[in-house]
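Next come the chains, spelled out residue by residue.
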Amino acid sequence: NAGVTQTPKFRILKIGQSMTLQCTQDMNHNYMYWYRQDPGMGLKLIYYSVGAGITDKGEVPNGYNVSRSTTEDFPLRLELAAPSQTSVYFCASSYHARGNEQFFGPGTRLTVL
Amino acid sequence: GENVEQHPSTLSVQEGDSAVIKCTYSDSASNYFPWYKQELGKGPQLIIDIRSNVGEKKDQRIAVTLNKTAKHFSLHITETQPEDSAVYFCAASTGNRDDKIIFGKGTRLHILP
Chain A
1 NAGVTQTPKF RILKIGQSMT LQCTQDMNHN YMYWYRQDPG MGLKLIYYSV GAGITDKGEV
61 PNGYNVSRST TEDFPLRLEL AAPSQTSVYF CASSYHARGN EQFFGPGTRL TVL
Chain B
1 GENVEQHPST LSVQEGDSAV IKCTYSDSAS NYFPWYKQEL GKGPQLIIDI RSNVGEKKDQ
61 RIAVTLNKTA KHFSLHITET QPEDSAVYFC AASTGNRDDK IIFGKGTRLH ILP
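Those sequence lines, one after another, are chains A and B.
Just so you know, we're using this note's numbering here: the first sequence kicks off at 1 and counts up by one.
Just so you know, we're using this note's numbering here: the second sequence kicks off at 1 and counts up by one.
Don't take each hint at face value.
What the hints assert, rightly or not - Cut-off 35 Å, straight-line C-alpha distance, at most; resulting in silico cross-link-like pairs (DSBU-like, lysine-lysine):
1) B:Lys42 x A:Lys57
2) B:Lys37 x A:Lys14
3) A:Lys57 x A:Lys14
4) B:Lys22 x A:Lys57
5) B:Lys105 x A:Lys14
6) B:Lys58 x B:Lys22
7) B:Lys105 x A:Lys44
8) B:Lys22 x A:Lys9
9) B:Lys68 x B:Lys22
10) A:Lys57 x B:Lys68
11) A:Lys57 x B:Lys57
12) A:Lys44 x B:Lys37
13) B:Lys42 x A:Lys44
14) B:Lys42 x A:Lys9
15) B:Lys68 x B:Lys57
Honestly, the hints are just simulated from the structure, not real lab data.
Based on the sequences and whatever the hints tell you, model everything.
Here it is in structure tokens:
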């Protein structure tokens, strides 16, 4: 199993540009999550999904959108990039939300200039 | 909602000594408390977790203690080694269907030679 994979690893965007961060898991997990990690600030939940076709907002959803058309994929869309979205983005998955281990991808480092 | 406080933000210990990281949580309904380790350039990885029906759990050099009355839990690493240098995150969850795990801000642990 590859686990949770994310692409790209690094990206530089100009203000106002759009992009999609890709996330795929091959563990047949129901739950998937997107976090952002700012320096010294821990992990903040952006969006999560409890299964294909179902998504919900986390703590910091503004400026982002997600979709979950399959169990495996959970892309994160930035429509109008802003400098405040400069961060490291992690995708994670778990079999179940109730006290189950979350498996994290390697992250995408995004810089918005 | 749940709030998790983690201390200290940075910790330096001599190789071979013990390290202790402490967390407090606010929601008395929380019943699942995982600890994640994040090495440089990687995503967080679960190292140990504890549930509310247990007061202490140990796995080789790592142990976690939980005091539900005081709403705090701690990570103990004994006989520290260079590979223990990393950022450690505590987290808390109520385990409800749509519940999310709330992370602390992290502790950067330095093992000094």
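Structure-based check of each hint:
no.: 1; hint: B:Lys42 x A:Lys57; in the structure: holds (25 Å)
no.: 2; hint: B:Lys37 x A:Lys14; in the structure: holds (32 Å)
no.: 3; hint: A:Lys57 x A:Lys14; in the structure: holds (25 Å)
no.: 4; hint: B:Lys22 x A:Lys57; in the structure: holds (29 Å)
no.: 5; hint: B:Lys105 x A:Lys14; in the structure: holds (29 Å)
no.: 6; hint: B:Lys58 x B:Lys22; in the structure: holds (16 Å)
no.: 7; hint: B:Lys105 x A:Lys44; in the structure: holds (9 Å)
no.: 8; hint: B:Lys22 x A:Lys9; in the structure: holds (32 Å)
no.: 9; hint: B:Lys68 x B:Lys22; in the structure: holds (14 Å)
no.: 10; hint: A:Lys57 x B:Lys68; in the structure: holds (29 Å)
no.: 11; hint: A:Lys57 x B:Lys57; in the structure: holds (33 Å)
no.: 12; hint: A:Lys44 x B:Lys37; in the structure: holds (16 Å)
no.: 13; hint: B:Lys42 x A:Lys44; in the structure: holds (17 Å)
no.: 14; hint: B:Lys42 x A:Lys9; in the structure: holds (11 Å)
no.: 15; hint: B:Lys68 x B:Lys57; in the structure: holds (14 Å)
Figure legend: structure checked against the earlier numbered hints; every hint is met.
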